[in-house]
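**Student:** Could you put the whole structure together from the sequences, leaning on the hints where they help?
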Amino acid sequence: MDVITNAIDALVDITPIYMQGFLLTLALLGIAGVGAFILGVLIAAMRISPVPSLRVFATVYTEILRNIPLLLVLFFCAFVLPILGVNLDFFLLAALGLTLYTSPFVAEAVRSGFNGVPVGQAEAARSIGMGFTQTVGLVILPQASRMVVPPLINVFIALTKNTSVAGAFFVNELFKATASAARDNGDVVILTLIYAAALYLAITVPLGLIAGAIEKKVMVLR
Amino acid sequence: MSTSILYDAPGPKTKRNSTIASVISALAILALLVWVYFILAAPRVSANGAEQPGLFDPSRTDILSDPEVWGAFGRGVLNTLRMAGVAAVLAIIVGILFSFGRTAASKWVRIPTSILLEFFRGIPLLLLIFFVFLLFSTGSYWAGVLGLAIYNGAIIGEALRAGISSLPKGQREGGLSVGLTSLQTRFIIEFPQAFRQMLPIILAQLVVLLKDTSLAYVVAYPELSRIIKELQNFYGSRYLFTLFAVGLVIYLVMNVSLSYIARYIAKRSGPKLGDITPDKPKAPGAEGTRAITIPRGSRSYGEAGNTGW
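As you go down the protein sequences, you meet chains A and B in turn. Residue numbering for the first sequence follows the numbering used here, starting at 1 and increasing by one per position. Residue numbering for the second sequence follows the numbering used here, starting at 1 and increasing by one per position.
Derived by calculation from the structure, the hints in this document are not laboratory data. Careful: at least some of the hints might be erroneous.
[As the list claims (entries may be wrong)] Straight-line Cα separation of at most 27 Å, DSSO-like style, residue types lysine-lysine; simulated pairs:
1) A:Lys217 <-> B:Lys13
2) B:Lys15 <-> A:Lys176
3) B:Lys169 <-> B:Lys107
4) B:Lys169 <-> A:Lys216
5) B:Lys107 <-> A:Lys216
6) B:Lys107 <-> A:Lys217
7) B:Lys169 <-> B:Lys267
[As the list claims (entries may be wrong)] Stretch-level coverage of chain B by chain A, calculated; a stretch enters the list once three of its residues show a Cβ under 8 Å from a Cβ in chain A:
8) 29-39
9) 241-248
All residues carry an ideal CB built from backbone N, CA and C; glycine is no exception.
**Tutor:** Following this line, the structure appears as structure tokens:
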């Protein structure tokens, strides 16, 4: 009986820092999610644009950011950007790092949505005399946006999990809270970890379910 | 690249405009890089008034001539590869097991597997590595390997399952009708096709796995990024930027070459992919969309429509 009350006490004790961490994780997800979405759409637009240098830039940008670990991206934001005169606190720098890291994945998701639109659609639009902007804006994009949602949600799920890395850069998000709680409560380590896992799952599982539901809907439409 | 379906083949005027736009944006990007370079190279005055040399100053890069530094980098790379290699093999095995569990006929296997999969896919890898480390006291190397293997295995398992369910129904029916058992059909008819179809996704995931070894820092495993941190602690923080830059280049070289190999393999097994997907749009001029699209990653969504019939 004693063991159970101890465990419950410990869980109640860590709840405040967990909630604080959870809110910071949500804030990181929100800021980086919106930022990465805007940046990612821009990058995707650059990659399909008729201007070669923009295409090259977007490709190089994607290749670099996709091929270095998030840890290094955040390291860059936390320690190198301040040298360049960016004076933000670690939370915003971490959000910026997550934005940069996630944007190429958003761009790829958007592109894969474009991929799903049958070629005939673009050909038909072109053959009735529409230009690049019209073809993309009026024909491809409305169809692609539907296909883009599931992979995009998957990117945001990954982002949710990636926010945990920000804990290494002085942001007290959920993982940092977990690590310190696990250190302080040696006897109920499993519970502290499962508690944290449940909080992460509370974000990722609903997102996954939404993605699945939309995917099914899109499937019927096609 | 030259023939995108989205716009006309450029005429002389558009070509000129496009070249001008290209040159201008290239110059703008170049100017930005030069500006960043000069800011980084300029000596800085810190808060207490002391002047520090610029980031490309010899006093900041002289450790690069020290063979011990390169030895440390080499150890870091080796440790990273050692972890990634074992984890990759295990991840594929775990993925195969997961995909079989997920598609099993008995719901007593299927439902627990699904719950486990959701759990492993839904929590951060960092937490998973930490989990393994604290719960099984495996030591840092195996905590990293097992964490990576389970996490990526869950993702590969999902990809394989999607591959199996996107196969035409006739494949399974054909297998069953020639007298194979359900399990045999899965093993020798469906699984090889699904594996080949999902190869690009699996390989892309292995690149992610290589990157994610850096998260083993949480259990103090001495892989590349941890080594960078340790070198910086040892030699002093004025080498921070130099060490960071070297680490960045090493990671880029490792991952880009692996991505390249992955893409090459994916392309080689490419032609076989098309045959098993009957309703793939094969409109004339389909190759024209290459400029706006990539084959990678799109597959699971593009062909998900097969499951219905």
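**Student:** Each of the hints needs a verdict: does it hold here or not?
**Tutor:** Verification of the hints:
no.: 1; hint: A:Lys217 <-> B:Lys13; result: 45 Å, violated
no.: 2; hint: B:Lys15 <-> A:Lys176; result: 54 Å, violated
no.: 3; hint: B:Lys169 <-> B:Lys107; result: 20 Å, holds
no.: 4; hint: B:Lys169 <-> A:Lys216; result: 18 Å, holds
no.: 5; hint: B:Lys107 <-> A:Lys216; result: 22 Å, holds
no.: 6; hint: B:Lys107 <-> A:Lys217; result: 25 Å, holds
no.: 7; hint: B:Lys169 <-> B:Lys267; result: 26 Å, holds
no.: 8; hint: 29-39; result: holds (count 3)
no.: 9; hint: 241-248; result: holds (count 4)
The structure is inconsistent with the numbered hints 1 and 2, although it conforms to all the rest.
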